[in-house]
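Protein sequences, first through last, are from chains Z and P. 1 is the number of the first residue of the first sequence in the working numbering; add one for each residue after it. 1 is the number of the first residue of the second sequence in the working numbering; add one for each residue after it.
Because the hints were derived from the structure by calculation, they are not lab data. Do not take every clue at face value.
No copy labels: a pair is met if it fits in one copy or bridges any two.
In silico DSS-like cross-links for lysine-lysine, where the CA-CA straight-line distance does not exceed 30 Å [as the list claims (entries may be wrong)]:
1) LYS4 - LYS102
2) LYS105 - LYS322
3) LYS322 - LYS4
4) LYS248 - LYS322
5) LYS102 - LYS41
6) LYS322 - LYS287
7) LYS41 - LYS322
8) LYS105 - LYS239
9) LYS287 - LYS41
10) LYS197 - LYS248
11) LYS102 - LYS248
12) LYS287 - LYS102
13) LYS4 - LYS239
14) LYS248 - LYS4
There are 2 protein chains.
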Amino acid sequence: MEFKVTHRCSTSGARRGQFTTPHGRFETPVFMPVGTQGTVKALSPNDLEQALVSVLLANTYHLYLRPGHGLIERLGGLHHFMSWNGSILTDSGGYQVYSLSKLRKISEQGVTFQSHLDGSTHFIGPREAMEIQRALGADLIMAFDECAPYPANYDYVRNSVRLTSQWARICLECHHSDSQTLFGIVQGGMFSELREKSAREIVSMGFEGYALGGLSVGEDRATRQQIVHETVPFLPAAKPRYLMGVGKPEDILDGVTAGIDMFDCVLPTRNARNGALFTTHGPLAIKNACYAEDDRPVDEHCSCYTCTHFSRAYLRHLFMAKELLAYRLNTIHNLHYYIGFMTDIRQSIREDRFVEFRQAFLEQSGS
Amino acid sequence: MEFKVTHRCSTSGARRGQFTTPHGRFETPVFMPVGTQGTVKALSPNDLEQALVSVLLANTYHLYLRPGHGLIERLGGLHHFMSWNGSILTDSGGYQVYSLSKLRKISEQGVTFQSHLDGSTHFIGPREAMEIQRALGADLIMAFDECAPYPANYDYVRNSVRLTSQWARICLECHHSDSQTLFGIVQGGMFSELREKSAREIVSMGFEGYALGGLSVGEDRATRQQIVHETVPFLPAAKPRYLMGVGKPEDILDGVTAGIDMFDCVLPTRNARNGALFTTHGPLAIKNACYAEDDRPVDEHCSCYTCTHFSRAYLRHLFMAKELLAYRLNTIHNLHYYIGFMTDIRQSIREDRFVEFRQAFLEQSGS
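Chain Z extracted, bound-state conformation (with noise of 0.2 Å):
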């Protein structure tokens, strides 16, 4: 693995860079698409490749439930079983122990939870959540660390930042992998301190990427926007920064602001599934009664597959219909979106325009 800064912004923390993985180069800022159960809804990894993806997601807890990571591991791991070429960030399970299972209960070993899929028990902690993600085989995997829910009080969050910490001392020792690079998990609530006194502690361990986990949880765009900021600054500048599960493209842009290098979110797909798509100028719900005579594109600036053969109208038909084809079409569409969103983004670092940049996109889409 090789990461390098290659331009920073003048006037914000904003910065570009370039990731090299086992499986390829990409560009940072990245934005990384969700394939949780090993596929990103809707889309083949072909489409995957059009779409100009380079790297996406997994979800470790879903593919250790289903369809078992030894099982993957024994077909050849993820790449191959699900025919992706491109480079893979598995998550650590962590966050889906808490908000998908149910009975979950956390002691200091880890955290015992019921499958969301038949009830059955399962114990996860460090070493599992590190035995597992080798097993998948992903490029880039993250240590398994307490996600305190929100909101939560100061000693919830100052116990999860005390596990977090003492798991991901475990998952270094239990890191042995020259093909895989581990990312450390700042932790910390809403709490500034918290953040920080977790940052401090995960750095000093001397991962080789650090993610800030527990964001994009309920908290209102300021609180959020005001936490990375805070915490950015206790990073290591040479490393990659991930911040997790976000976002719309307006917390991505105070991502960057605060010298983020790599963001995941379920939006362009989730939302391309329920018919609402993106656009530069804002968001467009398909099924709106509007568009039932529309030959207009999508996006008439947008040349994916999906604006250059369809029209709103035979879109919206899709949609009514519930016809398969409307799920695939929507998400290449809101993909593309995000993809050209971030070369957009990473283009106008390199020309130091970036500032310029958000402060037209973000009055030109109201957010």
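Chain Z is already provided as a structure; the job is to place chain P on it using the hints.
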């Protein structure tokens, strides 16, 4: 439109032909996948091109109800609406009116029925069916017929044959387009005498192509085979012959043997969505546990995108997890299978070994 028979089998009724429409040329015998609502379920036009599909079927009944033929005409016709540059055949709506709608009432003028979507009342007769199909703008269109249920008694079917002939005359009178080829439909249920009567009447009117309707409605394979074999001799040898709604590979072989040129069926696409895959060694139910760790493609002899990129294990995982990609990958495979099957049939006819091909196919697949 131009249709010519290019080869005839020396030991069966099988024949090879070439059909030219305003949207290209295709070889017969041909299989037309079903794109009920203006989309072959789960596939994009690009997927269809890659599967070498040259002509597809769309349903007049469905498109009339939603989004409406007027809307599609205003948006440039069905080809433009769905972004499909190949040929299209629309059925007359007759079959769906009987099989899907509620409270249908047949008169001498046509059928009054309630929409399966919202219960609203509609009327379609021969004039309406022709007007809807004119607006949709398919290359091949069908006369409006009365499709008898199965089983139906002699008197019911005799009246159905009478109405079908009466309506066929009106369809011919209403048909003024050079860019659309109108097929007449032969009815007559499972009564040889009524099939002959219907065929004589319809053929005497001088259509550009002839279809056998009212089959694949529940009768057994031997009955269907007999009816087709008895009826085809009454159809002119120089015109294309279309066996509507058929069928399984063995049914297609039966039809080709009798001299049928065109087929359509939901089987490959519907089965795909249910996880039932066609292979050269017979059907494969992808959900079966024996495929959980099976790294082989669905069919080792298949060159489709699915078989060249994904294992049975991955396809099973997608299917069990109800991932949208499952339906598309399965459909790509099944359609590739059907299109390849038709290519093999045509080649065997050209090389005058169709009967041997049929025999070998039925033995290998266990039909």
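Check: Which of the numbered hints above does this structure break?
Finding: Violated: hints 1, 3, 8.
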